[in-house]
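Q: Sequence:
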Amino acid sequence: MLTVNKILVLAPHTDDGELGCGGTIAKFCNEGKEVFYAAFCLCSKSLPESLSANTLETECKNATSRLGIPASNLILFNYEVRELPASRQQILEELLQLNKQIRPDLVLLPAASDVHQDHQVIHQEGLRAFKNTSFAGYELPWNNYSFRTNFFMKLTEQEIDKKIEALSQYRSQSHRNYMNPDFIRSLAKVRGVQCDNSYAEAFEIYKLIS
Numbered sequence: 001m002l003t004v005n006k007i008l009v010l011a012p013h014t015d016d017g018e019l020g021c022g023g024t025i026a027k028f029c030n031e032g033k034e035v036f037y038a039a040f041c042l043c044s045k046s047l048p049e050s051l052s053a054n055t056l057e058t059e060c061k062n063a064t065s066r067l068g069i070p071a072s073n074l075i076l077f078n079y080e081v082r083e084l085p086a087s088r089q090q091i092l093e094e095l096l097q098l099n100k101q102i103r104p105d106l107v108l109l110p111a112a113s114d115v116h117q118d119h120q121v122i123h124q125e126g127l128r129a130f131k132n133t134s135f136a137g138y139e140l141p142w143n144n145y146s147f148r149t150n151f152f153m154k155l156t157e158q159e160i161d162k163k164i165e166a167l168s169q170y171r172s173q174s175h176r177n178y179m180n181p182d183f184i185r186s187l188a189k190v191r192g193v194q195c196d197n198s199y200a201e202a203f204e205i206y207k208l209i210s
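The numbers in this note's numbering rise by one with no breaks, and the one at position 1 of the sequence shown is 1.
All clues given are correct.
Each computed DSSO-like pair below joins lysine-lysine, with the alpha-carbon atoms no more than 30 Å apart:
(1) Lys189 <-> Lys33
(2) Lys33 <-> Lys100
(3) Lys61 <-> Lys131
(4) Lys33 <-> Lys6
Cβ-Cβ distance ranges computed for the label pairs, FRET-style:
(5) Ala53 <-> Gly32: 33 to 43 Å
(6) Leu51 <-> Glu83: 17 to 27 Å
(7) Pro85 <-> Ala53: 21 to 31 Å
In short, the hints are calculated from the structure, not lab data. C-beta: ideal position from N, C-alpha, C; glycine also.
Given the sequences, and given the hints that come with them, work out the whole structure.
A: In structure tokens, the structure reads:
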């Protein structure tokens with residue numbers, strides 16, 4: 001049986017982790033697991049001029065706190081959005097350091113089929129940095145042309161509510177259709193049907209080490 005006590009979530013941009021596995025994060029935190037969250041882009045240049053440059057940093061802190069992640073377990077880098085491919089080697093070094101510092105039992109990262117260039121870098125370099133760790137890809141349907149649902153995390157309604165509450169902290173992103181609570185809940189219901197539960201999140205498993 002896989003023993004998981006320490007989990008690291010890799011998010012190319014603030015909000016990716018909550019969108020892909022927010023319910024699972026809430027579940028792990030509720031179970032007393034140690035969850036770390038690393039976001040690589042604070043996306044300040046993609047914000048409207050009317051918003052402060054640190055808007056997404058603040059929103060990410062509020063969102064991850066709602067899920068139960070301690071502030072000390074939130075790691076924020078400040079790479080430029082859509083420019084991660086140019087910093088691939090530096091990002092690999094950052095990931096290797098995270099592996100040494102945290103020694104996670106499980107890493108959750110963007111799926112292999114994710115077409116966003118920043119997400120691809122975090123996936124590919126994550127596989128290199130954590131090659132001796134169990135890792136799985138989380139689902140972002142608007143970026144995934146294909147997705148192998150070979151692992152499901154069963155969730156309660158309360159855990160999905162936590163995910164929705166966390167995402168509501170991203171007020172600067174509320175205009176995006178995938179932030180809609182109805183969409184979040186509907187996808188969780190679909191994944192729940194697939195594993196005979198009310199709600200779930202789906203993942204692609206790439207390596208399991210017991």
